[in-house]
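As they're listed, the protein sequences go chains F and R. Going by my numbering, the first residue of the first sequence is number 1, and it counts up by one from there. Going by my numbering, the first residue of the second sequence is number 1, and it counts up by one from there.
The hints are simulated quantities; they were obtained by calculation from the structure and are not laboratory data. For clarity, every value in this text was computed on a predicted model and none was experimentally measured. Ideal Cβ positions, reconstructed from N, Cα and C, are used throughout, including at glycine. Don't take each hint at face value.
If you want a taste of the chain R side facing chain F, the calculated C-beta under 7 Å gives, among others [unchecked claim]:
id : residue
1  : VAL3
2  : LEU4
3  : GLN5
4  : GLY99
5  : ARG102
6  : ILE104
7  : LEU105
8  : ARG113
9  : LEU131
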Amino acid sequence: MIRLENLWKNFGARTAVAELNLTVPAGEIFGLLGHNGAGKSTAIGMMLGQVWPTDGEVFVCGFNVATHRQRALQKVGAIFETPVFYDYLSGWRNLEILSHYTAPTSKGRIQEVIDWVGLTGREQSLVRTYSHGMRARLALAQALLPQPELVILDEPGDGLDPEGIHEMRQTILRLHREMGLTILLSSHLLNEVEQLCTRIAVMNQGRKVFEGPLASIREAQSWVRLRVNDFAAAVRLLRQDNLIADERDGCFVSLTADSKANQVVNRLVQHGIEIYEITPQQRDLEGFYLSLMKAEKSA
Amino acid sequence: MLVLQLRNELWKLFGKKRTYIGSSMFFLAQTIGILLFQFGKGPYGELMRDIQHAGFDAEHFISNLTIASFLLIPIGYFLLPLYVALVGGDMVAKEAEDGTLRMILSRPISRLRLLLLKWMAGAVFSLVLVLSLGLFGAIFARAFFPSGGLFVAMPMERFFSSFDGAVAWERFAAVHLFMTVEAVTLMTLAFMFSCFNVKPAAATILAISFFFISMILHDMPYFRELREWFMVQHLYLWTHFFRTHIPWWRVGESLSILAGYNLTFLVIGCTAFQMRDIKS
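Based on the sequences and whatever the hints tell you, model everything.
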């Protein structure tokens, strides 16, 4: 659905995006992760033809954005971090204005989308009277009006309260489930990405440092929480027998590919080490992200 | 589709309160002027003396059209350029500043089409503004002055003239119609600056500065030979319609040169807008 090929963007002497290759397959909820200033919004700007690449090509829905922008964006909806509208006009009027930039839109279609996002009854009120949550719904409505196949969400959770974030998360899942949309979610909220996305890419200082399915992160390295009376002695013993590959934080060990938890238990018991707890720990996105950033920093 | 999109731009333009701030100042200026003519002894007496001095019947020519025209002249020379520059400077730069431009440009509309729509909306606004100015002036002045002939004195252009009956109304209408050309040109100038990556206020200030610099250079005796090429030389082409005999060749010349200026401003603005990155 989206393909970036060797994409570069320089703002003067500063490189915002460097050598970015990325593929967002149809039907995925794809997470674009990175800290503020990592180059996510610039990359999205290039996908939407708002920012001109210094080098490289962007394809959206099979069309080159630089040469066939109108056709590329025909079935694309986008929401940006802070939903901005014409505050002095009604929600309905805003939707009419924005949708007509794509194609003439019937009143029935506008009403249908208003109902879907749950703004019924408030559509004729001025946008300046809307809460942040209502603005977020209106932003979603404008993105859905052209009946998109791809929705790009640039930091949609920014500024929302926990309830709003929960609502946004449920809405994204509904969009994916009920409409079968491909969703590109750019965020620095790891929890959001972890709960929503099937595949992610991580950006750091304009470069992509990881791309892959979220499941692969969880499976990549499994840690076991091990509480014993003498952790240092236990680690020494298990290393001698090649049962563990690594240890951290005074209570976690990672098993080697061939070892099993029962072998660890037997070995420790044989050597008189008391075991209070042994629990497998699934690696979360936060741990993965932080270790990735740490590795990048040291590199 | 084009009509729908133009209608949308007009909704945006006419829905804003700041669009009306300048208009209300125009109407206020006209109201105060008309009231001063009616109730201030000095202005009325002086106008009467001027008309009599020119050899006309003062009773007949002190009419709503005459009063409205006298007030229109300083507005057309000084107030209109400032106000249309304010509106033109807002058109693109304000949307970029507010972030709505990014929302629009996530849609499959070309930048050129968007700019042309905005410019057309600005042109419609200029027309509506100037026509409503004339309408308000004539109607409000009629509340205090009788309808009659039109007497105009243009000291800067060194002429005076008078018109009667339907001709007076025709000239009054033509002056307003051609004042729209002045309004559109200055709006386009500010619009051009608005297409660059600048704040709305900066676009307005740049346009006004351009206008005043052009005026200063135009009035310098050393540039006398180049005057025909200065924008300000042609901006006030509407004053020709106050002359007894309309110099059509000069009207045509001014229209051609102003069309050239407008086209140049638009091309520069569109090029700058096409090349820039739109970021939050």
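Outcome of the hint check:
no., hint, in the structure
1, VAL3, "violated, 10 Å"
2, LEU4, "holds, 5 Å"
3, GLN5, "holds, 6 Å"
4, GLY99, "holds, 4 Å"
5, ARG102, "holds, 6 Å"
6, ILE104, "holds, 6 Å"
7, LEU105, "holds, 5 Å"
8, ARG113, "violated, 9 Å"
9, LEU131, "violated, 24 Å"
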